[in-house]
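Protein chains in written order, with the numbering used here: chain C, 1 to 253; chain Y, 1 to 230.
Treat the hints as calculated values from the structure; they're not laboratory data. Take the hints with a grain of salt, since some may be wrong.
Claimed, not checked - Sample of chain C residues with no beta-carbon within 10 Å of chain Y, all distances over it, derived:
| hint | residue |
| --- | --- |
| 1 | D22 |
| 2 | L91 |
| 3 | P98 |
| 4 | A234 |
| 5 | R247 |
Said to hold, decoys possible - Some chain C residues judged to face chain Y by a derived CB distance under 10 Å, without partners named:
| hint | residue |
| --- | --- |
| 6 | P38 |
| 7 | V45 |
| 8 | A80 |
| 9 | C118 |
| 10 | D192 |
Glycine included, C-beta positions come from ideal geometry on N, C-alpha and C.
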Amino acid sequence: MLPRGLLLVALLACAGAATADDNPFLQVAGSEFRSALPLDKHDTVRVRSFLLQSHPVTNREFLAFVSMHPQWRKGTVPMALAGADYLGAWLGPLDPGPRATAFQPVTRVSWFAAQAYCEAQHARLPDWYEWELAAAASASRRDARSDPAWRQQVLDWYSRPAGKSLPAVQQGAANFYGLYDMHGLVWEWVNDFNSLLPADADPEKFCGSGALTVQQKEDYAVLMRIAMLGSLRATDTGHLVGFRCARDAGGAP
Amino acid sequence: MNRWRNRLGSAIALLATSTLCGAADLPTDSIYQLGAQLTTQTGNTTGIDLYRGHPTLISMFYGSCPAACPMLISAMQAYESHLDKKSRARLRVLLVSFDAARDTPQQLDRLARLHHTDPARWTFASAAEPNARSIAVSLGLSYRRLPGGEFEHSLLITLLDSRGRILASTTKLVGDTEFQARLQSATQPQEHALARSPAAPGAATQLPPAHDRDSSRRGHPRTNRAAVDG
Numbered sequence: 001m002l003p004r005g006l007l008l009v010a011l012l013a014c015a016g017a018a019t020a021d022d023n024p025f026l027q028v029a030g031s032e033f034r035s036a037l038p039l040d041k042h043d044t045v046r047v048r049s050f051l052l053q054s055h056p057v058t059n060r061e062f063l064a065f066v067s068m069h070p071q072w073r074k075g076t077v078p079m080a081l082a083g084a085d086y087l088g089a090w091l092g093p094l095d096p097g098p099r100a101t102a103f104q105p106v107t108r109v110s111w112f113a114a115q116a117y118c119e120a121q122h123a124r125l126p127d128w129y130e131w132e133l134a135a136a137a138s139a140s141r142r143d144a145r146s147d148p149a150w151r152q153q154v155l156d157w158y159s160r161p162a163g164k165s166l167p168a169v170q171q172g173a174a175n176f177y178g179l180y181d182m183h184g185l186v187w188e189w190v191n192d193f194n195s196l197l198p199a200d201a202d203p204e205k206f207c208g209s210g211a212l213t214v215q216q217k218e219d220y221a222v223l224m225r226i227a228m229l230g231s232l233r234a235t236d237t238g239h240l241v242g243f244r245c246a247r248d249a250g251g252a253p
Numbered sequence: 001m002n003r004w005r006n007r008l009g010s011a012i013a014l015l016a017t018s019t020l021c022g023a024a025d026l027p028t029d030s031i032y033q034l035g036a037q038l039t040t041q042t043g044n045t046t047g048i049d050l051y052r053g054h055p056t057l058i059s060m061f062y063g064s065c066p067a068a069c070p071m072l073i074s075a076m077q078a079y080e081s082h083l084d085k086k087s088r089a090r091l092r093v094l095l096v097s098f099d100a101a102r103d104t105p106q107q108l109d110r111l112a113r114l115h116h117t118d119p120a121r122w123t124f125a126s127a128a129e130p131n132a133r134s135i136a137v138s139l140g141l142s143y144r145r146l147p148g149g150e151f152e153h154s155l156l157i158t159l160l161d162s163r164g165r166i167l168a169s170t171t172k173l174v175g176d177t178e179f180q181a182r183l184q185s186a187t188q189p190q191e192h193a194l195a196r197s198p199a200a201p202g203a204a205t206q207l208p209p210a211h212d213r214d215s216s217r218r219g220h221p222r223t224n225r226a227a228v229d230g
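Using the sequences plus the hints, can you model the full thing?
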């Protein structure tokens, strides 16, 4: 049996060391945006220009992170920050296991772990509006949400049964911004995941408008994502939940 | 110069030791594991665990909220008012604003005075992103800035034991008798002392309920409900 350390070295060596260039931060131009979320008395939300990583964070990138940050290794992270199944398939703190490949998106990571990863890259998790804006683009249009063919293509992923192992990132086409896998690979954590839809429709519990009706009811793919994110707790580690990081266009997170 | 350096060195070593030990003797499910930073009404920077060692009521709010947030503060005062004097003296109350830009220490201090809270046991503080978000998600409290500048947020009062574990929470501003009872028992002297002593062996590794850990699977009940309702 190979020592664990050697496996780690092998995984890093096969794929080369993870660098920032592997997953570049790409510009997403700001826009007055019609979100699927309820917006108080407003029809649109102003999303400022920001940068978003080209694809979901991979096993290789996350391995490099836990190598540098021991407090985020499997077996070390306190329960307050990640559930018992954190990095569930990993065989050891620095061993993603024999079935993991370098360019698969990392999953079974809690919101706290995703946030810590992004902070270590001098970045942050994208807000929902940012993610939604970036995900509204097809290969040729900034906002393809009114295109029935594109919508169907996105929806098809949700009806496809989950395969045994996740494909690698960047297998499909890039969208308008050069971003990969906004749909069709994994769900992704966003910064404000727990505040998209109130957990409970009781208006007494809410300070603002508390309007609960979702706009754009035809956009099922986005609605499913909102509902899924809203059902998660920050320590949850779903086997289809990954993430990517964002930065302000100015440079600081 | 050398002496100063040595002192600095010892200070850093001491700080490192105390920080490490601090995390080590916390239960693994304590929200004090967050290490989040707050700015208080006196302008001091402090940790989320400033009331470690005491049972604590914690909630989040924003100061310019017109109606519900003053009600939240009154509600917390009402819950503690039902305690006897000695129990109340053991309790601490921490209100954290997620609107750090507007809730300056001066604003927070004004609020504290407005509500006549006991400064020895009550702290008004604010947290900037990403600390505010981390605290909110740990408590299960949601907030979202609306385009108009107001916040939409849930009203949630959480009771922590002296080591930062969540004992109970309520969304009822008045008359949650179960919550009141939990508060009552958490502020009893023996409970208080018990929670301060190190946890029993094994307690720290206790696992959460195994059901429904895999929230990403399709057909999650809440996913279905929202999709249908939507």
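Please write out, lowest number first, the hints stated earlier that are contradicted by the structure.
Hint 4 is the one this structure does not satisfy, whereas the remaining hints hold.
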